[in-house]
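Chemist: For reference, the chains in residue letters:
There are 2 protein chains.
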Amino acid sequence: MPASSLILASASAVRAKLLADAGLRFEAVDSRVDEDAIKAGFAKGDKQHGNAESETDALALKLAEAKALAVSATNGHALVIGADQILSCEGKRYDKPKSMEEARANLLAFRGRPHILHSGLVLAKNGATLWNLSVRATLTMREFSESFLDAYLEEAGERVMKSVGCYQLEGPGVQLFETIEGDYFSILGLPLLPLLDELRRHGQVMS
Amino acid sequence: MPASSLILASASAVRAKLLADAGLRFEAVDSRVDEDAIKAGFAKGDKQHGNAESETDALALKLAEAKALAVSATNGHALVIGADQILSCEGKRYDKPKSMEEARANLLAFRGRPHILHSGLVLAKNGATLWNLSVRATLTMREFSESFLDAYLEEAGERVMKSVGCYQLEGPGVQLFETIEGDYFSILGLPLLPLLDELRRHGQVMS
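As given, the protein sequences belong to chains A and B, one line each in that order.
If you're matching positions, the first sequence starts at 1 in the numbering used here and goes up one per residue.
If you're matching positions, the second sequence starts at 1 in the numbering used here and goes up one per residue.
Note that these hints are calculated values from the structure, not bench results.
Nothing here was measured: the structure is a model prediction, and the numbers come from that model.
One thing to keep in mind: the hints can contain errors.
Unchecked claim - With a Cα cut of at most 25 Å, we get these calculated DMTMM-like pairs of lysine to aspartate or glutamate:
1) B/162 with A/158
2) A/125 with A/170
3) A/17 with B/35
4) B/44 with B/27
5) B/17 with A/158
6) A/17 with A/101
7) A/96 with B/21
8) A/125 with A/181
9) A/17 with B/170
10) A/17 with B/158
11) A/96 with B/35
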C-alpha cells in the first residue's frame, strides 16, 4: 500500500521516530493548527468535564482531533493519526518553555512533585473522527540540587524547549526522576500499543 | 572523575546505550563468566526459594552478581554494575535463541500468553557486593498470525537472537505485543531509575 495511506498529523520528530522504529510506513504532515487559539477557546467555553485533570484529558483530545481533522480535510483517502500531550502539575497546565529561563523555572516547579502527562490520540478519515483515546502517566521528579539543575540545563541545551516537561527520558532527563508510572510510549508522546491495535483493525498493519 | 571509576560488567550494547544516553561516564567490560555453568549449578543446588518465579528472580541476581564480582576482582578501585535478565513463560525459563528456527518456536510458545522478564542488578566494589535489586515486568504477546510472524522474523533478522524474548521493543518487536506492564528501562535490561538513585548515594552521579 502507498505510504500516504497512513499520515501522522504531527511535526514531532519523536512521534515519527516511534512509528518508524515500529516498522510502519507513513507520511508525516504538519497540521499547522493554531493550538493557542484552541487552548484559549477551551479555557473560555469547554469546562464541563468535572475536574481539572479530566478537563486536561479533554483538551489533549481536542488538540489531537483538531490536528487529525485538519490533515484529513485535504487527504480524504488517508487514515490520519493526531496526537497531543499536555503536562499538568498540581492542577496547573504547562506549555513548552519558550526560553531556557522558563525551562529552569518550570523544572523548579516540578521538583519534588508528581506531574501528569495527558496524552490524546485520534484517528480520522474523510474529515471525521473514527476513534480516540486518552492516556495518563504520572512522573515524579526528585529533589535535585540547583547545581544539578544548572549542569542538566547546560548538558541538555535547547532540546529541553522541545518538550512540555523540559526533558527527554531517552537522554540525561532521566536523571531528574524518582519514579515513572505509566506507559513509556505514551510518555514519549504516542500510545503505541493501542494505536497499533487500532491500525490492525483498519488493515494498516499486519495482524 | 576518571571514566574507569564506574564499570558496566556487560557486553550488552543496549545496557551500554541506556547508561550513555542517561549521561553517565563509564567503561564497559565483558565479565566472560560462564553463565551456563552458573545456571547448571543453580538448577542442581539452589532451589530453596519457594516458587518458580522467585527462583528465577534469584537466578537473575546470581548471574548479575557473578558478572559484577568477576570484574570487581580485577578492578578493585571501581564501582561495578552487574546486570542480568531471564525470561520465564508459564514457569519455564528461556535462553536467547541459538537459531532463527528456535526464535520462531519460542515466539509461538509466547504467543497469546504473558511472559515475565526477571531483572537482576548488582553493585560491587573491592570484590564484594554492595547492593542488589530484583525487578519483574510482565509482557503479553498478542495472537499474531503465522504470516505476521514470518514477516516479523524476515524484517527483524538475526537481531532477534540477541534477546531472550526474540524482540527489541524499540524496533518492530513492539508489534508482537498486546500489553506491557512494568518499567521500560528494566524491560530493556537495566532498572535505570533505582540504579541512578544508588549511584547518587555513592557520589558517582550528581545529586
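Chemist: It remains to establish, for every hint, whether it holds in the given structure.
Modeler: To see whether the hints hold, each was checked on the structure:
no. : hint             : in the structure
1   : B/162 with A/158 : 35 Å, violated
2   : A/125 with A/170 : 32 Å, violated
3   : A/17 with B/35   : 35 Å, violated
4   : B/44 with B/27   : 34 Å, violated
5   : B/17 with A/158  : 22 Å, holds
6   : A/17 with A/101  : 29 Å, violated
7   : A/96 with B/21   : 22 Å, holds
8   : A/125 with A/181 : 32 Å, violated
9   : A/17 with B/170  : 10 Å, holds
10  : A/17 with B/158  : 22 Å, holds
11  : A/96 with B/35   : 47 Å, violated
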